[in-house]
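Chemist: If you read the protein sequences in the order shown, they are chains A and B.
For the first sequence, our numbering gives the first residue as 1, with consecutive numbering after it.
For the second sequence, our numbering gives the first residue as 1, with consecutive numbering after it.
Each hint can be trusted.
If chains are identical, the list can't say which one is meant, so a pair holds when it fits in one copy or spans any two.
EDC-like cross-link-like pairs, simulated, lysine to aspartate or glutamate; straight-line CA separation at most 20 Å:
no.: 1; residue 1: K32; residue 2: D219
no.: 2; residue 1: K32; residue 2: E82
no.: 3; residue 1: K93; residue 2: E83
no.: 4; residue 1: K215; residue 2: E34
no.: 5; residue 1: K93; residue 2: E82
no.: 6; residue 1: K93; residue 2: E67
no.: 7; residue 1: K53; residue 2: E151
These are calculated hints, taken from the structure and not from any lab test.
Number of protein chains: 2
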Amino acid sequence: MTDRDKGLQLYTYFRSSAAYRVRIALNLKGLKPELHFVHLLRGGGEQLQPGYKAVNPQSLVPALVVEGHALAQSLAIIEYLEETHPEPPLLPKDALGRARVRRLAFMVACDIHPLNNLRVLRRLRGQYGLSEDALKEWQQHWITLGFTALEALVANAPETGRYCHGDTPTLADICLVPQMANARRIATDLSPFPTLVRIEQTALSHPAFDAAQPKVQPDAE
Amino acid sequence: MTDRDKGLQLYTYFRSSAAYRVRIALNLKGLKPELHFVHLLRGGGEQLQPGYKAVNPQSLVPALVVEGHALAQSLAIIEYLEETHPEPPLLPKDALGRARVRRLAFMVACDIHPLNNLRVLRRLRGQYGLSEDALKEWQQHWITLGFTALEALVANAPETGRYCHGDTPTLADICLVPQMANARRIATDLSPFPTLVRIEQTALSHPAFDAAQPKVQPDAE
Numbered sequence: 001m002t003d004r005d006k007g008l009q010l011y012t013y014f015r016s017s018a019a020y021r022v023r024i025a026l027n028l029k030g031l032k033p034e035l036h037f038v039h040l041l042r043g044g045g046e047q048l049q050p051g052y053k054a055v056n057p058q059s060l061v062p063a064l065v066v067e068g069h070a071l072a073q074s075l076a077i078i079e080y081l082e083e084t085h086p087e088p089p090l091l092p093k094d095a096l097g098r099a100r101v102r103r104l105a106f107m108v109a110c111d112i113h114p115l116n117n118l119r120v121l122r123r124l125r126g127q128y129g130l131s132e133d134a135l136k137e138w139q140q141h142w143i144t145l146g147f148t149a150l151e152a153l154v155a156n157a158p159e160t161g162r163y164c165h166g167d168t169p170t171l172a173d174i175c176l177v178p179q180m181a182n183a184r185r186i187a188t189d190l191s192p193f194p195t196l197v198r199i200e201q202t203a204l205s206h207p208a209f210d211a212a213q214p215k216v217q218p219d220a221e
Numbered sequence: 001m002t003d004r005d006k007g008l009q010l011y012t013y014f015r016s017s018a019a020y021r022v023r024i025a026l027n028l029k030g031l032k033p034e035l036h037f038v039h040l041l042r043g044g045g046e047q048l049q050p051g052y053k054a055v056n057p058q059s060l061v062p063a064l065v066v067e068g069h070a071l072a073q074s075l076a077i078i079e080y081l082e083e084t085h086p087e088p089p090l091l092p093k094d095a096l097g098r099a100r101v102r103r104l105a106f107m108v109a110c111d112i113h114p115l116n117n118l119r120v121l122r123r124l125r126g127q128y129g130l131s132e133d134a135l136k137e138w139q140q141h142w143i144t145l146g147f148t149a150l151e152a153l154v155a156n157a158p159e160t161g162r163y164c165h166g167d168t169p170t171l172a173d174i175c176l177v178p179q180m181a182n183a184r185r186i187a188t189d190l191s192p193f194p195t196l197v198r199i200e201q202t203a204l205s206h207p208a209f210d211a212a213q214p215k216v217q218p219d220a221e
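This is chain A alone, in the form it adopts within the complex (with noise of 0.2 Å):
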């Protein structure tokens, strides 16, 4: 019995950063949900119709359908599924280890993302008439703050290796991938960046990572 027939079903968006750490956390663990697929644009959001919210009624995607329990929240779903599905691992065995790589996750899922979130801009542009000039910096400023923070700390540290913690991805990576892939969509500077860099052509060259891009999902436009 494959894990399709097992009930598992994601509700997912190519272009969505938080859909896209999801798809690689399933291709690590080898899981292999049917797909739903929920256009963030066409019709004004799928997302904020009632068929979505009777899945999730914060009409955000993802969502993953786990025996007819609707988990969301990205790194919610991605601890649930490292706890179901322990190999290979996504954390670190020991504690101080696991607060690192939770940190450097939670710096990009905390304080980048949610700032750029597709909710975010249109606020911004309908209720305080903000350019697309404008847009395009304010994701830039907290892009390149929260960077930063991150380039800082895991150039040079002991703990850093092929990866953001070891030579095996974790949470923090899942995390950083799909980051670079929004700051390289609006051209962000990211030469100062050089480890960040690094290691997501490191994990992109992984095929579970290659194959939860974007680009390549079956309702890439």
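Given the coordinates of chain A, assemble chain B onto it according to the supplied hints.
Modeler: Then chain B, alone, in the frame of chain A:
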């Protein structure tokens, strides 16, 4: 030997809701760190000065120093405390329950709080000229949006008890209560969220939450 002797040091600011979360968790675990106060407004912000940047290059509070290791990101710190001091538990035992609690916590920690952080309000005011009324409206918008989804998830859910999940405090309550304090400070209408208000009142009657409140901190103004 007390925890203070073992070199547990908390960098905190009374009004920071991320620091408030960690204070609650430390109190629940019965840990008493040495306190260092980082004033976020004085002198342009003590968190931006080299002394604190050496502790946390991200210039955000809180940070927790454990035997010479500086941990940061409130949720990474609390997960560390949970792993190293399992009693009383701040997460349920079952994987689906843990996913529910983390989901509720991240709904606050990722999708409400970062949008209303001091540095974000400063940038909206300084760079884009938002008025004080517009800033208040901005904050209330994200709080109301997030609380609407939270209320929908906790009201009438069989998992909800005296607290967000069962009858004892979890990571979800630790995130909810400081966010409620922020909501009250800017006079957000909480009447649509009776379950959240009830849980807040339950939590504030618990000594660990009560003693963590901003107004009773040594650096309160």
